[in-house]
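Following the hints, complete the assembly by docking chain R onto the known chain S.
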Amino acid sequence: MWVEKYRPKQVDEVIGNESAKLEFIEWVKLWKKGKTRELGILLVGPAGIGKTSWVHAFANTFGYVVIETNASDYRSKKALEDRLGHLYKASTLDSFMGKGRREPLLFLDEVDGIDPKADSGAIPTLISIIKSSRILTVLAANVLDQKQHKLLIENFKIINFNPLTPRQIIILLKRILYLEGATVENQVLNDIAVKSKGDARAAINMLQAVLMGISIGSMGITIENLPYDVLLKRLSEAVDKGEVSMLIQSNLNYLEDLIETISDSINRSGLDIKLTALLLNELSELDMMWRRINRERKWSLLKYFIPNISDFIFKLKKYISFEPRITEYRFQLFIRNRKVREQREEMLNLLSNTFHLSKRKFMTEVLPYRYNELVIDEWRDLQKWCSRMYG
Amino acid sequence: MFKALIGEDKIKRVIRFFNAIERITDEACFWISESSFSFRDLDAARISMIDFELTNEYFLEYNFAKEEKIPIRIPIDKLADYIKLCRNAKEIEFYFEEGDNSFKIKSVEPYQRTFSLPMMINEDKKETGVPNVPFKATFKITTSSFKEILNQLKLIEDRIIIKVENNAVTFSSKSEEGFESSVLLRYPEHIELMAIAVEEPSTASYNLKSILNIVKELSGNSGVATIQLGTNLPLKIDFELIENEKFIYYLAPRAE
Numbered sequence: 001m002w003v004e005k006y007r008p009k010q011v012d013e014v015i016g017n018e019s020a021k022l023e024f025i026e027w028v029k030l031w032k033k034g035k036t037r038e039l040g041i042l043l044v045g046p047a048g049i050g051k052t053s054w055v056h057a058f059a060n061t062f063g064y065v066v067i068e069t070n071a072s073d074y075r076s077k078k079a080l081e082d083r084l085g086h087l088y089k090a091s092t093l094d095s096f097m098g099k100g101r102r103e104p105l106l107f108l109d110e111v112d113g114i115d116p117k118a119d120s121g122a123i124p125t126l127i128s129i130i131k132s133s134r135i136l137t138v139l140a141a142n143v144l145d146q147k148q149h150k151l152l153i154e155n156f157k158i159i160n161f162n163p164l165t166p167r168q169i170i171i172l173l174k175r176i177l178y179l180e181g182a183t184v185e186n187q188v189l190n191d192i193a194v195k196s197k198g199d200a201r202a203a204i205n206m207l208q209a210v211l212m213g214i215s216i217g218s219m220g221i222t223i224e225n226l227p228y229d230v231l232l233k234r235l236s237e238a239v240d241k242g243e244v245s246m247l248i249q250s251n252l253n254y255l256e257d258l259i260e261t262i263s264d265s266i267n268r269s270g271l272d273i274k275l276t277a278l279l280l281n282e283l284s285e286l287d288m289m290w291r292r293i294n295r296e297r298k299w300s301l302l303k304y305f306i307p308n309i310s311d312f313i314f315k316l317k318k319y320i321s322f323e324p325r326i327t328e329y330r331f332q333l334f335i336r337n338r339k340v341r342e343q344r345e346e347m348l349n350l351l352s353n354t355f356h357l358s359k360r361k362f363m364t365e366v367l368p369y370r371y372n373e374l375v376i377d378e379w380r381d382l383q384k385w386c387s388r389m390y391g
Numbered sequence: 392m393f394k395a396l397i398g399e400d401k402i403k404r405v406i407r408f409f410n411a412i413e414r415i416t417d418e419a420c421f422w423i424s425e426s427s428f429s430f431r432d433l434d435a436a437r438i439s440m441i442d443f444e445l446t447n448e449y450f451l452e453y454n455f456a457k458e459e460k461i462p463i464r465i466p467i468d469k470l471a472d473y474i475k476l477c478r479n480a481k482e483i484e485f486y487f488e489e490g491d492n493s494f495k496i497k498s499v500e501p502y503q504r505t506f507s508l509p510m511m512i513n514e515d516k517k518e519t520g521v522p523n524v525p526f527k528a529t530f531k532i533t534t535s536s537f538k539e540i541l542n543q544l545k546l547i548e549d550r551i552i553i554k555v556e557n558n559a560v561t562f563s564s565k566s567e568e569g570f571e572s573s574v575l576l577r578y579p580e581h582i583e584l585m586a587i588a589v590e591e592p593s594t595a596s597y598n599l600k601s602i603l604n605i606v607k608e609l610s611g612n613s614g615v616a617t618i619q620l621g622t623n624l625p626l627k628i629d630f631e632l633i634e635n636e637k638f639i640y641y642l643a644p645r646a647e
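Residue numbers (this note's numbering), protein chains in the order written: chain S, 1 to 391; chain R, 392 to 647.
For reference, chain S alone in the conformation it holds in the complex:
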């Protein structure tokens, strides 16, 4: 991948965000003199604009060895303590492995993925590790929530990274073309610069795709956070497993919906019953794995799960098409309005009492299949329906 091949090695190779980079270096200078109030730096900005590249280039240029950890792998207090609790200043084995004596730089990406409630204690633990280790620490996040990430905001120097301008993207792409000994028309470069919306990673991927013969018009702007129907369409059109895998990885928030859409599509496909059973069995195993990863917050298992589900989806494309529609039994997810939720709660109370079932059982096992009968415009109608049907 060109994204890796052309990752900047030195600070002067990193394009864009000049004032942020300067602010970063100035802060490190002060930190080294012990004149900073903050524990470390928190880089904030959308994916693909060079936060990770900058940290690596900075470390290479100024003689640090990067201890890189993805916060999504170690989100819990215990995992952080186990794996990073032994960090202490200026002593990593790298210094003794022919890389010269270099100080460590702890880089934790995706800290916005730590949920202060679900992963309670993780952020205070992280702060205490950093305080006791006294090593240069850089965190990175795509977005920050003032309330949820209050502790991080209070303890770290926030430096915002912005998307690159189209002109900067063109400079970056021209440099890569020069190194590759390739050429493309200026119009194509302009199109990529506009389509990538300041995302350098997306722009480099597009350039590589163009040189592989893929037309720029057929490319989406970005593969991250796609609307659900667009994601399904892109999955249906994906040409290889790698593309499916990238789409899934960039849109993990839809995974639950995706599993249910696939299940629904298999059920409606009219395939041979044995094949249907096999596919559903495989899907249920994937579903179980996904739910366990979620429940136990073992994000490190994602790297095994994603190739598995990508293989499955790619294989499945031979048999069925994914219908971009909301499956019947997911309707409750869309009931977001408080009033409607309360009404639903009241409705469930009545129905579960009427049918002598728990609310949960009713919600998951009965309601999905009787929804058309039960969705009635007026609440009173439902009461009438209950008394008429079951006295």
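If you are wondering where the hints come from, they were derived from the structure by calculation, not from laboratory data.
The C-beta atom is built at its ideal place from N, Cα and C for all residues, glycine as well.
Hints should not be assumed to be uniformly reliable.
Claimed, not checked - Straight line, CA to CA, 25 angstroms or less: simulated DSS-like cross-link-like pairs of lysine-lysine:
no. : chain 1 : residue 1 : chain 2 : residue 2
1   : S       : Lys9      : R       : Lys516
2   : R       : Lys545    : S       : Lys78
3   : S       : Lys303    : R       : Lys460
4   : S       : Lys78     : R       : Lys607
5   : R       : Lys517    : S       : Lys9
6   : R       : Lys403    : R       : Lys475
7   : R       : Lys497    : R       : Lys403
8   : R       : Lys516    : S       : Lys303
Claimed, not checked - Now the stretches of chain R that chain S is said to cover, found in silico as 3 or more residues with beta-carbon under 8 angstroms:
no. : region
9   : 429-441
10  : 505-518
11  : 573-583
Frame of chain S, contents of chain R only:
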């Protein structure tokens, strides 16, 4: 494509090796080649390293169909848990086929158990080198005494200071609150200290828990360990093992 059969007498040893590896990482990247099954990697904080190898002769049966060695990444915590369940089995088999994305374990007798773990062939992974350290002092100690010393000092602080000079080794720990403890071993008076060679007197401090975690696991497999260090240099613990086994642990020094 890959098959390795572990005999009854070695199952518990392998369990201890895997438990030790689990102490430094959640996911282990093992290298499989025609000649061996090995692991050499740093922990996430890059302060410790394990260099572990079982050669093909270690196994009752060992087959690997490729000429080049491949790195496979598997969740070591689960691997350790699964084979722990098979500790009384007659044989344990590790295997996977070309194109598989799962690593399989099968044990036979008292009854057949099978496990499958997600596996990833990590083609981008480069082999980790070994620290090149000009050690200044070497001593040989029984693992049981070393474990006992570590257990004593952990009551004070999660930090051990090892001082080696002439014919003596002092292990000590000191807390900021004023608690302190130490153990002195002299050669040849104390039989626990089996040998000592000092090029220059050395003192260094290390994270105690990290060492204890490894020594606890390995003391079941090895009776003697050779320890090397130097002032403000890493610690190297080379465990004496049976033929075709290798387990070396490195730990970076603490900078106070």
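Right, here's what the structure says about each hint:
no.: 1; hint: Lys9/S with Lys516/R; verdict: holds, 19 angstroms
no.: 2; hint: Lys545/R with Lys78/S; verdict: holds, 20 angstroms
no.: 3; hint: Lys303/S with Lys460/R; verdict: holds, 22 angstroms
no.: 4; hint: Lys78/S with Lys607/R; verdict: holds, 21 angstroms
no.: 5; hint: Lys517/R with Lys9/S; verdict: holds, 18 angstroms
no.: 6; hint: Lys403/R with Lys475/R; verdict: holds, 8 angstroms
no.: 7; hint: Lys497/R with Lys403/R; verdict: holds, 15 angstroms
no.: 8; hint: Lys516/R with Lys303/S; verdict: holds, 15 angstroms
no.: 9; hint: 429-441; verdict: holds (count 8)
no.: 10; hint: 505-518; verdict: holds (count 3)
no.: 11; hint: 573-583; verdict: violated (count 0)
Hint 11 from the earlier list is the only one contradicted by this structure; the remaining hints agree with it.
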